[in-house]
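Participant: Residue-level listing of the chains:
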Amino acid sequence: MPVYSVSRRRAIALLALTSILLITLDIQGNSVVRGLRGVFSAIFEPVQSSARVITRPLENSWRGITHYGELEAENQRLQDQLDQQEGAFIAALATARDAQELLALNGIDNLADISSVTAQVIGGTPSNYSQTIEINQGSDRGLRVGMPVVNAAGLVGRITWVDNDRSLVLLANDSLYAIPVQVVNQPNIVPVTTTTTSTSTTTTTSSTTTTLPVAPPVSSIVNPNGISTTSSTTTTIDLSDVDFGALAPTTTGVIVTIAPGTTAGGPTTTLNLDDLPIAETGIFRGRGIDNSPVVEFIDQNSRFGEVQVGALVFTSGGSQSLAPRGIVVGRVIKIVERTGTSGAVLEVRLTAKLTSLNFVRVLLYQPVATGAP
Amino acid sequence: MIDFVNKPVTRLLLVGLPALALQTTFFAEVKIFGVVLQIMLALSIAAGLAGGSENGALAGFVFGLMFDLVLTSPLGLSALVYGAAGWGAGYLHSRALENPKWLNALVVGLMSGLATFVLPIVANWIGVEGWLSSRLTKVMIVVALSNALFSFLVVPIARWSLAIRRSQRLAPPAEVFL
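Chains as they are written, first to last, in the working numbering: chain E, 1 to 373; chain F, 374 to 551.
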């Protein structure tokens, strides 16, 4: 019997055409394809779970053999880093608390207000091209497709598929990942001046762009062990007199003075708006495992100036964005200038180390456009 | 029941599900030089060697589709490439009168390298960026070498999954009579 009969050729052509049809449907976001994935997942899940139980000891042995030296060196390095960062952490904690108060006063979304679910990474990517991880929490704990995933260092990715008790996370360096971000240029750091005058709030106007609040010196801070420490320069900041609406784009002045509140005669903290970090928006996009992610379409203006290497990248939030404002993404490591109006492309180094994830946090956040958080 | 199990499609699924489970658990963690080994691709090509180009295309399509269903990449992408790899392996197999194990290993290795190279190119055509990179050469070499070694195991499995009897196996492939 001839092998390449017309019917056999047709069968092979049919398989190829079916593949092309499936690709087309999937790219268009067809619901049948999504349903197909769901059905297959239900069938495959028990087999995969069994395989995971059986192969776990083998995986652990393999890791023990191949990564022992590496882990020992990394452990030492991390211990050194931990020691260095302990002091910085305490100061940052106080700054973060003040920032949260300011955000709350302005009615801006605050990461601390968003509920989250901690999950363990139970699987890596089975492909050499797409960048995903599997976690052990799913729709039973309120996870939905699109929710942002973070760890202590920053943005990790987003939920791309959910089952009852597990989910798939598309990592931020995957080429299918994109999210609006803010790039924050760090201005020259000028020490915040502290005077003893009791001037009340003074504001002038100018066309400023979005600014991130810089925390003034604070009075009391809490260290990780819960012990409260009091600094020598006690300052109580009463923000009730500050007209934050006046600080919006129409604010000029260079100086904003925050009056002391209950502490009569205490020092007043004076901030120079020109010294505050300035942020501009752009689109963050992953480019695969080998290439650094980039930020494109930076909306620059004159006050923002040139983007500097080392500038910080945060999620910008917004009603359409899948992540709330303020998640740390990374730092700009390279600026590639482009001709024309498209602007520069910023290469970014992610703060989260995506190659060695263990525990992650899923923020139960959905943008206003799709549902309430 | 026995008849049902003896059907090639049933056997392909019986082989494919555990292989996919192995791919998504063990091989997702145990990487060689940072490269994930591709057992589903090895099985697709082995099916072509064991059962000829048509069976190879069918098995590659089934294994690729199963793999696509657990990935975030477009559904049908791996099915298309793995199907073509299975077909290509079957075609190469038909050119030889004898197929010793070393030749099978060579074909599995070559086709694996080729499929690993073609996959990101097809992905790029359909708009998935970022897969074509300098790392591709390393991935191709590691996948080709590992699958060549896997061939000693996966060719007999593919033969069983396609329900190919010993008498059929030892006969020259039908293509040579064309």
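Calculated directly from the structure, the hints in this document are not laboratory data. Small disclaimer: the values here were computed from a predicted structure and weren't measured. One should not assume that every hint holds.
[What the hints assert, rightly or not] In silico EDC-like links for lysine to aspartate or glutamate, alpha-carbon gap of 20 angstroms or less: (1) E:Lys353 x E:Glu45; (2) F:Lys511 x F:Asp376; (3) E:Lys353 x E:Glu337; (4) F:Lys511 x E:Asp290; (5) E:Lys353 x E:Asp163; (6) F:Lys404 x E:Asp290; (7) E:Lys334 x E:Glu306; (8) F:Lys404 x E:Glu296; (9) F:Lys404 x E:Glu347; (10) E:Lys353 x E:Asp98; (11) E:Lys353 x E:Glu306; (12) E:Lys353 x F:Glu402; (13) E:Lys353 x E:Glu72; (14) E:Lys334 x E:Glu296; (15) E:Lys353 x E:Asp299.
Participant: Take the hints in turn and mark each one as holding or not.
Facilitator: Structure-based check of all given hints:
{"no.": "1", "hint": "E:Lys353 x E:Glu45", "verdict": "28 angstroms, violated"}
{"no.": "2", "hint": "F:Lys511 x F:Asp376", "verdict": "44 angstroms, violated"}
{"no.": "3", "hint": "E:Lys353 x E:Glu337", "verdict": "27 angstroms, violated"}
{"no.": "4", "hint": "F:Lys511 x E:Asp290", "verdict": "12 angstroms, holds"}
{"no.": "5", "hint": "E:Lys353 x E:Asp163", "verdict": "25 angstroms, violated"}
{"no.": "6", "hint": "F:Lys404 x E:Asp290", "verdict": "16 angstroms, holds"}
{"no.": "7", "hint": "E:Lys334 x E:Glu306", "verdict": "13 angstroms, holds"}
{"no.": "8", "hint": "F:Lys404 x E:Glu296", "verdict": "33 angstroms, violated"}
{"no.": "9", "hint": "F:Lys404 x E:Glu347", "verdict": "27 angstroms, violated"}
{"no.": "10", "hint": "E:Lys353 x E:Asp98", "verdict": "28 angstroms, violated"}
{"no.": "11", "hint": "E:Lys353 x E:Glu306", "verdict": "28 angstroms, violated"}
{"no.": "12", "hint": "E:Lys353 x F:Glu402", "verdict": "16 angstroms, holds"}
{"no.": "13", "hint": "E:Lys353 x E:Glu72", "verdict": "17 angstroms, holds"}
{"no.": "14", "hint": "E:Lys334 x E:Glu296", "verdict": "12 angstroms, holds"}
{"no.": "15", "hint": "E:Lys353 x E:Asp299", "verdict": "28 angstroms, violated"}
Against the hints set out earlier in the document, violations occur for numbers 1, 2, 3, 5, 8, 9, 10, 11, 15.
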